[in-house]
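Taken in sequence, the protein lines are chains S and U.
Following the numbering used here, the numbering of the first sequence begins with 74 at its first residue and continues without gaps.
Following the numbering used here, the numbering of the second sequence begins with -11 at its first residue and continues without gaps.
What the hints contain is simulated information worked out from the structure, not anything from laboratory work.
Being a predicted model, the structure only gives us computed values, none of them experimental.
Quick reminder that beta carbons are idealized off the backbone N, C-alpha and C, glycines included.
It is possible that part of the hints are untrue.
[As the list claims (entries may be wrong)] Here's a subset of chain U near chain S, in silico, CB distances under 10 Å, partners left out:
(1) Ala(-10)
(2) Val(-8)
(3) Phe33
(4) Gly47
(5) Asp51
(6) Ser83
[Said to hold, decoys possible] Facing chain U, a subset of chain S residues (Cβ under 8 Å, in silico):
(7) Tyr104
(8) Thr124
(9) Gly144
(10) Tyr145
(11) Asn173
Next come the chains, spelled out residue by residue.
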Amino acid sequence: ILNVEQSPQSLHVQEGDSTNFTCSFPSSNFYALHWYRWETAKSPEALFVMTLNGDEKKKGRISATLNTKEGYSYLYIKGSQPEDSATYLCGGSYGGSQGNLIFGKGTKLSVKP
Amino acid sequence: GAGVSQSPSNKVTEKGKDVELRCDPISGHTALYWYRQRLGQGLEFLIYFQGNSAPDKSGLPSDRFSAERTGESVSTLTIQRTQQEDSAVYLCASSFYPDGYTEAFFGQGTRLTVV
């Protein structure tokens, strides 16, 4: 099983702070990198799917970048709001088991009002 | 249905009993995934059904775990002779293509408690 790592494990910020977290993944045989947001008592929901080195995606105050050569992705949240509180999951898909999604343990973000 | 549906939402079972968890994916989705999250842990891959190809079972933790999928429809995850360490939230997800590029849609999960 491939190893996708996320850091930090948890993060506490104040409303209005900007923050970012990291996903590290094996770069060989890489297909795509997925980011999901998982709010308490809800299902994980997709934020971004990125495939190309240098990809940048943005949705509102949230953006992500991808470096496939060195095997990392950053997720940025600008001006955090309490409703951003959730666990952010990153998952990688690889050749060999095409389409399989292996997730990291997630970064749990808490935004205090 | 509109989304991925899992049943039951909660299941309490006695150690040693068999349990069956069900997942109804979004209609037309060829890829289906099972994951579990034990308390304080991350999302652990169990099994992946990739359309008509053989499923990837590499994440199943023991031979007590098995899963089936009929065509592109319902999947069942069966745990035989349940143990306390099987207690977890079991999540199912589906995606339209089994290609790794298509976002996955998750169900609400089944919370399994083995007492």
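Interface hint for Asn173 (chain S), Cβ within 8 Å of any Cβ on chain U:
For Asn173 (chain S), the interface hint holds, since the closest Cβ of chain U sits about 5 Å away, which is under 8 Å.
Would the hint on Tyr104 (chain S) stand, with a C-beta cut-off of 8 Å toward chain U?
Interface hint status for Tyr104 (chain S): holds (4 Å vs cutoff 8 Å).
Answer holds if the nearest beta-carbon of chain S is closer than 10 Å to that of Ala(-10) (chain U); otherwise answer violated.
12 Å, violated
Can we keep the Thr124 (chain S) interface hint, with Cβ of chain U closer than 8 Å?
Holds, about 6 Å.
Hint check, Tyr145 (chain S) versus chain U [nearest Cβ-Cβ separation less than 8 Å]:
For Tyr145 (chain S), the interface hint is violated, since the closest Cβ of chain U sits about 18 Å away, which is over 8 Å.
Supplied contact hint for Ser83 (chain U), tested at 10 Å Cβ to chain S
7 Å, holds
Hint validity - Gly47 (chain U) Cβ closer than 10 Å to any chain S Cβ:
Since chain S brings a Cβ to about 6 Å from Gly47 (chain U), closer than 10 Å, the hint holds.
Gly144 (chain S) was flagged as interface toward chain U. Is the shortest Cβ-Cβ separation under 8 Å?
This interface hint is violated because 16 Å lies over the 8 Å limit.
Against chain S, run the beta carbon of Phe33 (chain U) and see if the smallest gap drops under 10 Å.
Constraint on Phe33 (chain U) satisfied, holds at 6 Å.
When the least beta-carbon distance from Asp51 (chain U) to chain S is tested against 10 Å, hint result
17 Å, violated
Val(-8) (chain U) as chain S interface residue, shortest Cβ-Cβ below 10 Å
8 Å, holds
Taken one by one, the earlier hints fail for this structure at numbers 1, 5, 9 and 10, listed in ascending order.
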